[in-house]
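Peer 1: Take a look at the letters that make up each chain.
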Amino acid sequence: MRKIWLIIQREYLTRVKKRSFVVMTFLGPILMASVWIVPLLLASRTEGTKIVEVLDETGLFYEQFKETNEIKFTYITEDLQTAKQNLAKSDDFAILHIPRSEYTTPKAFYLYSYKKPGLSMKMYLQESANKILENKKLEDVYGIDEETLASVKSNISLVVEDIETSKKSYTEISWALGFIGGMLIYFFIFMYGSQVMRGVIEEKTNRIVEVIVSSVKPIQLMLGKIVGIAMVGLTQFLLWILLTLAIVTSFTAIYADQITKYKMGQETVANPGQLFPSDAMGMPDTQKGLESLSADENFSQMLDVFFSINYGVIIWTFLFFFVGGYLLYAALFAAIGSAVDNEADTQQFMLPVTIPLVFAIVVGLSFVLNNPDGSVAYWLSLIPLTSPIIMMIRVPFGVNIYTDLIPSMVLLVLGFLFTTWLAAKVYRTGILMYGKKVSYKELWKWLTYKA
Amino acid sequence: MNLIQAENVTKRFAGHTALDKVSLEVPDQSIFGLLGPNGAGKTTLIRIINMITAPDEGQILFSGRPIHPPDIAQIGYLPEERGLYKKMKVGEQALYLAQLKGLSKHQAQAKLREWFEKFEISSWWNKKVEELSKGMQQKVQFVVTVLHEPKLLIFDEPFSGFDPINVSILKEEILRLKDNGSTIIFSTHNMASVEELCDNIALINKSKKILEGRVMDIRKQHGSNTFEVEISGNSDIDKMLDPSYKILDIQGSSTHTILKIRTMDHHKPNDLLSQLIGKVQVHSYREVLPTMNDIFIDTVKSAQE
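Order-wise, the sequence lines are chains A and B. For what it's worth, the working numbering labels the leading residue of the first sequence as 136, then goes sequentially. For what it's worth, the working numbering labels the leading residue of the second sequence as 154, then goes sequentially.
Please note that the accuracy of each hint is not assured.
[Unchecked claim] Keeping only pairs whose Cα atoms sit at most 27 Å apart, straight-line, the calculated DSSO-like set for lysine-lysine is:
#, chain 1, residue 1, chain 2, residue 2
1, B, K361, B, K174
2, A, K207, A, K251
3, B, K240, A, K153
4, B, K361, A, K580
5, B, K287, A, K153
[Unchecked claim] Facing chain B, a subset of chain A residues (Cβ under 10 Å, in silico):
#, residue
6, Q144
7, K153
8, K201
9, R333
10, E337
11, R342
12, L374
13, L557
14, K560
15, L567
16, E577
17, W581
[What the hints assert, rightly or not] Computed far set for chain A versus chain B, every beta-carbon distance over 10 Å:
#, residue
18, T217
19, I233
20, A285
21, I291
22, I347
23, P353
24, T387
25, I389
26, Y569
FYI, nobody ran anything at the bench for these hints, they're computed from the structure. This structure is a prediction, so every number in the text was calculated from the model and none was measured. Every residue, glycine too, gets a C-beta built ideally from N, C-alpha and C.
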């Protein structure tokens with residue numbers, strides 16, 4: 136036991152003291168925080184207001200376009216030719232030309248500009264024009280005026296509440312948490328699993344392994360390395376969380392005003408082309424169903440739900456499945472490392488190990504995220520090779536402790552005991568085998584050697 | 154008393170037998186040479202003694218009883234394929250390896266300081282291993298191997314990578330370790346150092362032991378009845394000798410001649426001498442024993458035939 140402890144210490148300390156660890160530990164949170172902060176910063180910056188000259192030959196659109204922070208309208212009456220000439224001299228951005236036509240069947244409007252308009256401007260103009268025209272038709276053909284129209288419009292938002300706990304929940308938040316949890320597990324297993332593999336290869340190519348296995352059993356060396364690196368991972372993870380929180384909170388505190396302003400502006404303007412920060416993380420559009428709630432109400436309710444989520448459960452299941460999944464795969468990575476002489480030879484053995492991981496993340500993000508209670512999700516969260524990722528995606532949506540969590544955890548423990556046992560057999564032969572290209576047949580034979 | 158005794162040790166790997174019923178005895182406080190061509194099975198045997206792998210049949214006795222895991226604390230092993238963690242500092246690493254052998258941190262530190270001073274390498278303590286030359290790394294590895302004062306030391310090609318000065322320092326240390334009570338198993342292809350250091354040897358070829366015994370006895374047994382004689386002058390000595398003596402080589406100066414003469418099996422050493430005495434002045438007379446190198450090559454070749 137003392138020897139394993141010595142090995143764990145060495146594996147941990149040499150890695151934590153490395154410059155690359157320190158750099159990654161501090162750079163990671165900055166990168167993660169910037170995913171959240173940069174869009175806010177960009178959005179809170181005003182790009183300047185663009186003025187669009189409306190040359191309306193139909194007369195139907197006069198003073199009808201709604202102005203926003205980004206786009207203002209002036210209505211002009213010159214002919215197109217002079218308007219184009221004047222545009223060169225003025226600071227205005229573009230001319231929106233609405234040609235005379237039967238207004239019930241207009242074909243196209245034209246936008247003349249020197250610089251190409253952004254997608255958001257194009258969408259805004261297009262949608263505004265359609266809306267105005269629709270309203271006009273409703274009024275002229277069916278006699279429905281704007282007031283009547285406003286009074287029949289309905290906007291229902293779906294508030295989800297759990298019967299047992301009577302807590303409100305936002306599927307969007309569960310979705311995001313599941314997404315982040317699954318991705319984190321996936322990256323952690325890969326990152327630290329391959330660190331284990333590289334560590335084993337290093338010991339083998341350094342030829343230090345034979346010196347060490349004359350003092351300790353190969354399995355002690357393997358377990359010490361795996362546990363040591365797990366602790367490096369947990370340390371890094373903890374530091375990342377703390378640093379990311381620190382950065383995000385200090386940023387939010389400094390720019391609190393701008394963020395609220397931005398949020399308000401966001402929801403009243405409802406500019407379809409603009410990025411809501413969560414869009415950047417792949418969240419579905421949260422706005423459409425929530426329009427009837429006022430911006431303040433909506434935002435604060437979302438925050439309430441965000442803070443009322445049981446993070447205790449999420450964090451301890453995350454830690455369990457992170458450690459369990461890591462142990463399961465790290466043993467396999469260690470076995471691969473022991474069987475080869477250099478990293479280039481790992482390819483043929485990496486494939487069967489990476490396939491279940493990639494499969495889990497792909498199915499997890501595309502399918503399980505949308506059907507967290509389906510039978511596919513259930514079974515994949517039982518199989519130890521996929522359960523760490525799939526379970527982390529499911530947990531934020533709520534899982535039953537007795538039928539889902541406990542069986543999955545027990546199987547995961549059994550799973551990593553099995554892979555460790557298997558890996559130890561390959562490992563103890565592999566680390567002493569030099570200069571030999573190893574095949575699967577060879578690996579199978581190693582399993583049967585006497586220790 | 155034998156410190157190590159191998160009894161019918163057999164080890165098979167898929168498709169080939171690495172050791173075939175090998176038995177040998179390593180007497181206490183002696184230097185034992187484990188010889189054999191590449192791939193003969195020496196490293197496998199050493200790994201079995203170190204309990205890195207287990208034999209399929211047979212057993213190893215350590216001080217008379219079957220070897221068991223706690224015994225490895227009594228073994229220091231310097232493998233042929235050896236290395237150190239390149240990115241670690243020398244001192245840190247030596248401490249780590251010493252602690253793995255069961256020394257406390259405190260003990261390890263005190264002993265390392267002692268050895269580092271002896272080898273005049275104290276200034277390396279805070280250097281990274283990758284900054285050292287190969288020979289320097291070997292020195293550190295040697296120190297780490299002997300540091301915990303094990304009863305049994307196993308050196309696999311200990312001199313490779315060393316310059317002659319360091320080789321002689323190392324030889325001295327090995328002999329001193331033996332005098333202090335250690336038993337040493339020594340595997341090498343350098344036959345001159347075998348003659349110089351080893352008390353006993355075993356020769357393994359193609360997974361079988363084909364020769365074992367005391368170095369002196371083996372050389373005597375393989376003696377080819379050859380004598381080297383130094384005499385005065387350069388008289389026609391071949392005419393003086395009985396034709397059953399065969400002169401293999403004559404080297405002469407103006408005053409002395411050195412002859413190599415082979416006698417017949419039934420001759421005793423004194424027979425040749427008595428033939429010479431009275432006819433020439435004999436300055437020296439000695440039996441020429443075959444070198445271990447010759448014995449190695451002859452034995453391996455005849456085993457192959």
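Peer 1: I'd like to know which numbered hints this structure contradicts. Please list them from smallest to largest.
Peer 2: Checked against the structure, the hints that fail are numbers 8, 9, 12, 13, 14, 22, 23, 26, while the rest are satisfied.
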